[in-house]
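For reference, the chains in residue letters:
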Amino acid sequence: MDKVLKDPRKVFSECLLELGREDRKIVAVSCDSASGSGMADFIKEFPERYVEMGISEQNAIGVCAGLAESGFIPVISAIAPFITMRCYEQIRNDVGYSNMNVKIIGASSGLSHSTLGSTHQAVEDVCLMRSIPNITIINPGDAFEVEMALKEAVNYYGPVYIRMPRHPMEDIKDSDARSFNLGIAEELKYGEDAMIIASGTMVREAQKASEILRLQNINVGVINIHTIKPIDTKMIEYACRNSKMIFTVEEHSVVGGLGGAVAEVVVSLENSVPVYILGIEEGSCNSGPYRELLESYSLTSEKLAEKIYIYF
Amino acid sequence: MPISADEVNYLEQKAFNIRSHIIKTIIDNGEGHAGPSLSCTDIISVLYMKVMNIDSDNPRWPERDRFLLSGGHKCLALYGALVEKGYIEVNILNTYNKLGTLVPGHPDMKKIRGIDFSTGSLGHGLPLGCGMALGAKLKEANYKIFVLMGDGEQGEGSIWEAASFASHKKLDNLVAIVDRNGLQINGTTKEVANTSPLEERYRAFGWAVKVIDGHSIKEIYEAFESAPFELGKPTVVIANTVKSKGMSFAEGNYKYHHWHPDKKEAEKALMELIEYKKRWD
Numbered sequence: 001m002d003k004v005l006k007d008p009r010k011v012f013s014e015c016l017l018e019l020g021r022e023d024r025k026i027v028a029v030s031c032d033s034a035s036g037s038g039m040a041d042f043i044k045e046f047p048e049r050y051v052e053m054g055i056s057e058q059n060a061i062g063v064c065a066g067l068a069e070s071g072f073i074p075v076i077s078a079i080a081p082f083i084t085m086r087c088y089e090q091i092r093n094d095v096g097y098s099n100m101n102v103k104i105i106g107a108s109s110g111l112s113h114s115t116l117g118s119t120h121q122a123v124e125d126v127c128l129m130r131s132i133p134n135i136t137i138i139n140p141g142d143a144f145e146v147e148m149a150l151k152e153a154v155n156y157y158g159p160v161y162i163r164m165p166r167h168p169m170e171d172i173k174d175s176d177a178r179s180f181n182l183g184i185a186e187e188l189k190y191g192e193d194a195m196i197i198a199s200g201t202m203v204r205e206a207q208k209a210s211e212i213l214r215l216q217n218i219n220v221g222v223i224n225i226h227t228i229k230p231i232d233t234k235m236i237e238y239a240c241r242n243s244k245m246i247f248t249v250e251e252h253s254v255v256g257g258l259g260g261a262v263a264e265v266v267v268s269l270e271n272s273v274p275v276y277i278l279g280i281e282e283g284s285c286n287s288g289p290y291r292e293l294l295e296s297y298s299l300t301s302e303k304l305a306e307k308i309y310i311y312f
Numbered sequence: 001m002p003i004s005a006d007e008v009n010y011l012e013q014k015a016f017n018i019r020s021h022i023i024k025t026i027i028d029n030g031e032g033h034a035g036p037s038l039s040c041t042d043i044i045s046v047l048y049m050k051v052m053n054i055d056s057d058n059p060r061w062p063e064r065d066r067f068l069l070s071g072g073h074k075c076l077a078l079y080g081a082l083v084e085k086g087y088i089e090v091n092i093l094n095t096y097n098k099l100g101t102l103v104p105g106h107p108d109m110k111k112i113r114g115i116d117f118s119t120g121s122l123g124h125g126l127p128l129g130c131g132m133a134l135g136a137k138l139k140e141a142n143y144k145i146f147v148l149m150g151d152g153e154q155g156e157g158s159i160w161e162a163a164s165f166a167s168h169k170k171l172d173n174l175v176a177i178v179d180r181n182g183l184q185i186n187g188t189t190k191e192v193a194n195t196s197p198l199e200e201r202y203r204a205f206g207w208a209v210k211v212i213d214g215h216s217i218k219e220i221y222e223a224f225e226s227a228p229f230e231l232g233k234p235t236v237v238i239a240n241t242v243k244s245k246g247m248s249f250a251e252g253n254y255k256y257h258h259w260h261p262d263k264k265e266a267e268k269a270l271m272e273l274i275e276y277k278k279r280w281d
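Protein sequence lines correspond, in order, to chains D and E.
If you read the first sequence in my numbering, its first letter stands for residue 1, the second for the next number, and so on.
If you read the second sequence in my numbering, its first letter stands for residue 1, the second for the next number, and so on.
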């Protein structure tokens, strides 16, 4: 497996440019965040298909819905908390209920802007987006998934929210063993004692936590759920049937995110297993260096292993 | 091209028909937004019956003009126009307020193909209109986007984000209309949260502005026909109107924003319709 760290924004930038060359309906929309969002190359080649909204998220989402109604595929990228929360009602009414073909990129999602405090961190975005009808939510776990998320989103008709990571990432699988199917989760490793269901940046941490626990003779598997909505219920059923408990891990609030989505499936099963939701406790508000901040919420591999070990 | 006296008479009759649909639908179904629907009726009549380039047999024709009812609570006026233009059958209005209706209390594009976009929450229409106007420009298409807003609605910040954007992008295919009846749910717009002076505000945001009598078919038509007022600028028509226009006992009274007619009021409203209709008998 390639341990080289890859820049997700660079991958996004290259992919958007490639897609823009293939499909002239794609329009890049920015809220004064074009360069930071990885749109610069697209804008350079297709200035006529770039819409700068300035700092106005409510208007930006309305404009995207209007562009989609006109037959375009707007790809709007802005910092995740602002583009999901300031304009939540516009996303709900004008994109979700109206089923407009708008692709919303929540840039620097989760704790990415770790030093900037709670205003710039998005740990409620999945919860909010999940309750809006028609929206597909993708939370890519490495550079390959960033590329595939954008490609799948553009090729799929309907609103999509992509939770973009900011910090360099390791691959979660060997490059010759990759596949990505929208809505289909992937078992990365089987574990009879427990299965970790992880998403986004936490997939790699979960893999490493599994290795740490193996040294303690605890066999914990890992499932990667990149598409949080619609969620792969079959994979969750499989985890329930074949393991003793489930841990969900996300760089998000424990309220209403991946853990909530998994729990909603598990409670409806006849033979359910305990589900432990690991993430950011409600109301947490910290800032600091990214890895240190993750550690403070027990979202690094070592801390995850410690937390899971308690249950054995 | 100036509008003829016959055309004015025709559009007034259509506006009367729309008012009849509004009033009868509310009386038959118990409640509805009478005041705001009746204040914008003449504007909607002129748009749907004369100005907009639309085709009721092909409601989603890509090159058509678009209409966004930003204040979606005025939907009875839009439904009335869709009946008069042949998009929907009049008996659909009998289902108003009923479970599963195609004509709910705010317009839904998923239910009727003649509705260009679902609206309801205030302040959404102008951003959507900007997106559609920009889309038309990108496609080098010639259609126009009409967005009807209320004056109370002007308190929404999203409108001013869009107003700034529209002039920045030179969206001269965008025509906003403010149905300025001076009233909102809790009183006069001046008392509740003054949004005046609207003309100066829009001019300061880079728009071309005209103020008209929103019940004069001739003035409404001439304003729309002369849009854009200035090339390279978005247009706003500020239409001075009377809330509940056509129901004398309710005109200018904010308490009829949402009308729950009692028997006496219902009879009076229907009698006034009969009297007014004699113009064309």
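By construction, these hints were calculated from the structure, which means they are not laboratory data.
Using N, Cα and C, we set each Cβ at its ideal position, and we do this for glycine too.
Take the hints with a grain of salt, since some may be wrong.
The list that follows gives simulated cross-link-like pairs (lysine to aspartate or glutamate, EDC-like), each with its CA atoms no further than 20 Å apart [as the list claims (entries may be wrong)]:
1) E:LYS170 <-> D:GLU48
2) E:LYS139 <-> D:GLU45
3) E:LYS139 <-> D:GLU48
4) D:LYS307 <-> D:GLU192
5) D:LYS208 <-> D:GLU302
6) E:LYS139 <-> D:ASP23
Below, a sample of chain E positions facing chain D; criterion: calculated Cβ distance under 8 Å [what the hints assert, rightly or not]:
7) GLY86
8) SER121
9) LEU122
10) HIS124
11) LEU128
12) GLY155
13) SER158
14) PHE165
15) ALA266
Beyond 10 Å from chain D on every Cβ pair, some chain E residues (computed) [as the list claims (entries may be wrong)]:
16) LYS85
17) GLU161
18) HIS168
field: Which numbered hints fail
entry: Violated hints (numbers, rising): 7, 9, 12, 15, 17 and 18; every other hint is consistent with the structure.
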